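**Student:** Residue numbers (our numbering), protein chains in the order written: chain A, 1499 to 1670; chain B, 189 to 580.
No wet-lab data here; the hints were simulated from the structure.
Quick caveat: nothing in here was measured; it's all calculated off a predicted structure.
Backbone N, C-alpha and C fix where the C-beta goes; we use that ideal spot for every residue, glycine too.
Warning: the hint list may mix true and false statements.
To be verified - Some residues of chain A that are not near chain B, with every Cβ distance over 10 Å (derived):
#1 1503
#2 1517
#3 1543
#4 1574
#5 1578
#6 1586
What the hints assert, rightly or not - Taking lysine-lysine and the DSS-like style, the derived pairs with C-alpha atoms no more than 25 Å apart in a straight line are:
#7 B/278 to A/1614
#8 B/574 to A/1614
#9 A/1614 to A/1551
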Amino acid sequence: MMYNKVVMDHFRNPRNVGTIENADGVGEVGNPLCGDMMTIYLRIRDERIEDIKFQTFGCGSAIAVSSMLTEIAKGKNLAEARKITNKDVAEALEGLPKNKLHCSNLGADALQMAIKDYEDRTAGVTRPEPKRKDEHEHSHGDKCYCPYCDVEIEDGVTFCDACQHDLQEEHG
Amino acid sequence: MKYINLDHISSNPLLPEVKQAMIAAIHHDYHNPSSQHQAGEEAAAVLEKAREQVAGLINANSPKEIVFTSGGTESDNHAVKGVAMANADKGKHIVTTNIEHNAVIRSLRRLKSDGFTVTSLSVDDKGRVNPQDVAEAITKDTILISVMHSNNETGTIQPVEEIARIAREKKIIFHIDAVDSVGIVPFDVKAIGADLVSFASNTFYGPTGVGGLYVRRGVKIFPILDGGVQENNKRAGTENLLGIVGMGQAAEIAKRDIHTRYAYLKGLKDKFLRELPDVLDEILINTHPEHSLPHLVSASIKYVEGESVMLMLDDEGIGVSTRSACATGSLRASHVLLSIGLSHEDAQGTLVIAFGIDNTAEDVSRFLKSLKTVVTTLRDISPLYKKAAGKG
């Protein structure tokens, strides 16, 4: 099994699944090309996340990440919630396969977009369509990992020394 | 609860007779078949018996036309690279399709860097190539056509007889990657008119790590492993005699049982396809309704991702294979599924279901029930399902 017990628990019994009618903030991230799409819904009361729900199309880790994120964020005030990162979610899950960090660990990005959406709405910024972040960034800091074998690689290399995979077309 | 294996495209359990034959061979302690003394000759006799059994399964003219290999991947590599190297003086152009196994695709990629050119043909929405396209792709420089018999992701079977006719008329060598077909569907190299055929033992309930390449007498091919003169000078290295004994036994049983095996597997598949619409909607079947393997179904389940489905089915005690980008390790959608025109989203939700002779009709019923539960759960989580249903 590629996932640990915490990840499998959140995958098997995801918390806070669903939508919120007339949500105060909505954030969408992901891209089917990569495999995962997440939507986060927020109910904000007195600058605090009173309720949070998610919907996710994706692999086991994407669902577990969404579930864990909602558990971390629920009840937090917005100042605290703004500090939640994808790394925090992965740590709370006691680790994810490194190649999954690349694609599936987008929960905090979706949360931050939902908070931004709430702030825009409060400030009276109108938008024709819900914002969608189609291109996600590498969400694991400075380090890069081979998507095939998890070994750390230097940024900009054209092939993975450990597994000999061509990375040019993947990494660009 | 019994674990149901519906992933018979990845491998198969050994037949009891195969186990017995291999255990007997272990206890016998065979020597090296190339040795010239009595013990060597005894081993050589066992090797040649297996060669006859395998030749019988595909109706080769002579057992000498069978080269034992380490499996389908080596057979494909040998066919493609061995023919290219041996015939480069005649031309350096090769015709293939977009949906071949990586063993062929990457062998061809290697040849391209050695100055060969490759025409790779597209397929229709069920994964079939048009033989006319093959004919039109041929140039005076073409030395090889390599087209798979059945595809391991869609199960669709190619019109190889027509392609063989075209190849014969133009005097071009025709290689068929039949790794997922031989031992499952009746396969006659002479009736088809193939020059080279790759196959693997574990497809027909023999051991993994052993396979074969049929090389029609008169086809010029270089070995890709250089060394001794084993396998009629086509494949150096001491033979994997235990594996080959198992493969020979499996081939004999496959030949004997091929029609009942085919009918049994097709019965399971037909039951699944017949009852699937009663439990779930919005599923694309990528497998050709007529020209396909009897045991394989490729199903794209809309609005869900394959790895999630696979993991949840595993919890229910059912093993399937998925072609989603996340699960394959390549982090990109399968080239086969994109070639048949699937969107990235639909490719993500694709399962490969392959029934085996150890499955029963009850297994199919339990699978349908579990599939309904799992897909309903995941669709409830999916934002795509919400949008498609117009609830958003």
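**Student:** Can you list which hints this structure breaks, lowest number first?
**Tutor:** 2, 7
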